[in-house]
Amino acid sequence: MKISKLNRVTHRDIGYLITGLTIIYALSGIALNHKHNWNPNYIIDHRIIKTDMRFERGAVDDDKVLEFLEEIGEGENYKTYYYPTGDRLTVFLDGGSVQVNVKSGEGYVERLTKRPLFYQINFLHYNPGKWWKYFSDIYCLSLILVTITGLFIVKGRNGITRRGAILTAVGIMLPLMFLFIY
Amino acid sequence: MIKRLLSIVVVTTVLTACGNSGSNQAKSSDATDSGATVRVEFASLIKTPDDFLNKEISIEGKVVHVCQHTGKKMFIVGSDPDIRLFISAGEEVPLFEQELLGSEIVVEGFLTKAEAGEMQMGMGEAKGEHEGVAEGGEMSGEACETEAAVEAQPVLADFVLQYRSHKVK
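Order-wise, the sequence lines are chains A and B.
My numbering applies: residue -10 is where the first sequence begins, and numbers increase by one.
My numbering applies: residue 346 is where the second sequence begins, and numbers increase by one.
Hints in this document: simulated from the structure, not taken from any laboratory.
This structure is a prediction, so every number in the text was calculated from the model and none was measured.
The C-beta atom is built at its ideal place from N, Cα and C for all residues, glycine as well.
Okay, the calculated bits of chain B under chain A, using three or more residues with CB under 8 Å as the criterion: (1) 400 to 413; (2) 418 to 427; (3) 438 to 447.
No more than 30 Å apart at the CA atoms, straight line, and that leaves these computed lysine-lysine pairs for DSSO-like: (4) B:Lys400 <-> B:Lys417; (5) A:Lys39 <-> A:Lys53; (6) A:Lys122 <-> B:Lys417; (7) A:Lys119 <-> B:Lys400; (8) A:Lys53 <-> A:Lys68; (9) B:Lys514 <-> A:Lys103; (10) B:Lys400 <-> A:Lys122; (11) A:Lys53 <-> B:Lys514; (12) A:Lys122 <-> B:Lys512; (13) A:Lys53 <-> B:Lys512; (14) B:Lys458 <-> A:Lys122; (15) B:Lys512 <-> A:Lys119.
Bound-form chain B, shown alone:
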């Protein structure tokens, strides 16, 4: 019984590892072969964001904020520091690492409109989380300020990039 179970565990683990890497390779080769991912300059996205709505895009930017508690939200900027793009972690990554802060990255994902309350939920969640941290008001203010700033910016305020993958430059 034990040998049988161990065999099943080993086979499952191997299949899981192969399946995971295999599917990632297949995904990236699909993107390359079919040309489904559109390489976008940040300035072009700011100028005509609707042209890229509901498309797989690849965009380069500097990471200026990663939500410290959930790690599920990240913001990047291009040459204009006042226009941020909200990137939401999906199933591809459990959380964004804080080590990404300040890094120039090329991120791929699906550009969509943020659902009603998606950013606000993030604000409320960030506020509640950061209020609980005994590090002082400065940190909670900074986290909420980023999301409030995104809401106030003239473009991309209601856009979200559903994360697929990224490369650090």
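Chain A extracted, bound-state conformation:
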């Protein structure tokens, strides 16, 4: 087989194979890139609450907590509570929690739900186990292979010797500039 045909076939077939993973990594990459602006894994809802109940240390038990939860409309979801030294009582619910400042009575109900699609693709992006790590290494090598074979597909003035060379050089210079600046 001629080298150019082998190059084209490799680029095509490996390209098809890694399409799914590329989209997964790219989407989750964007999501994780902006994790300071949003939670990429969970949708978090807050509801402000206020209670006049008093929570004396030593007098807090499941019944007292359930009474509090009934008051704020969360009596169905009780798991357990956590009340360390300090002013914060935490009540864990199925799918969330309640935080209350025992001095002021102010607090909030926090509900967490997995962000559809993004939770799953971020899970893969985080490397769930060492075999996935090796699998994703193979994927990255395939990506390099697809990139390099792609350079030599087009011939003539739009190929790697002219227009392609300029665009490739620009693409390499941009990250180098960032390295230089930062």
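We have chain A already, so just place chain B on it with the hints.
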């Protein structure tokens, strides 16, 4: 060419799946057979933590905090709510699920001393992450308070359990 490639993909996928489950089974049977994992009561760990340093331990506790953004940090307590054990996710799990909050779990891992800056890095990371979340100061305060509380506690402040596996009770 395509058939050959597809065959390779199928074989690789099957081997990966078998290899993964096989290695997990081997790991847990090794732990059982060799007795390498020490079952520890939380109270014993608080009393003499150095006895269990650099050992594989299994310990039961209630999950009181899971880092919301990284999911790589988890804290459990025993009967004393003021003594928390920091559990760090390693390669075995990409992140701890928020659904673990409030659950009684038996967690296995390797008990070690936290590296210099490991907890502080977590604090800084948690602070930065939570500041970016437009949910108000309450949430960022809660996350940093847990880590600050661990630093201030009289025991286990500089211990970390490198996570291996867990079971929810």
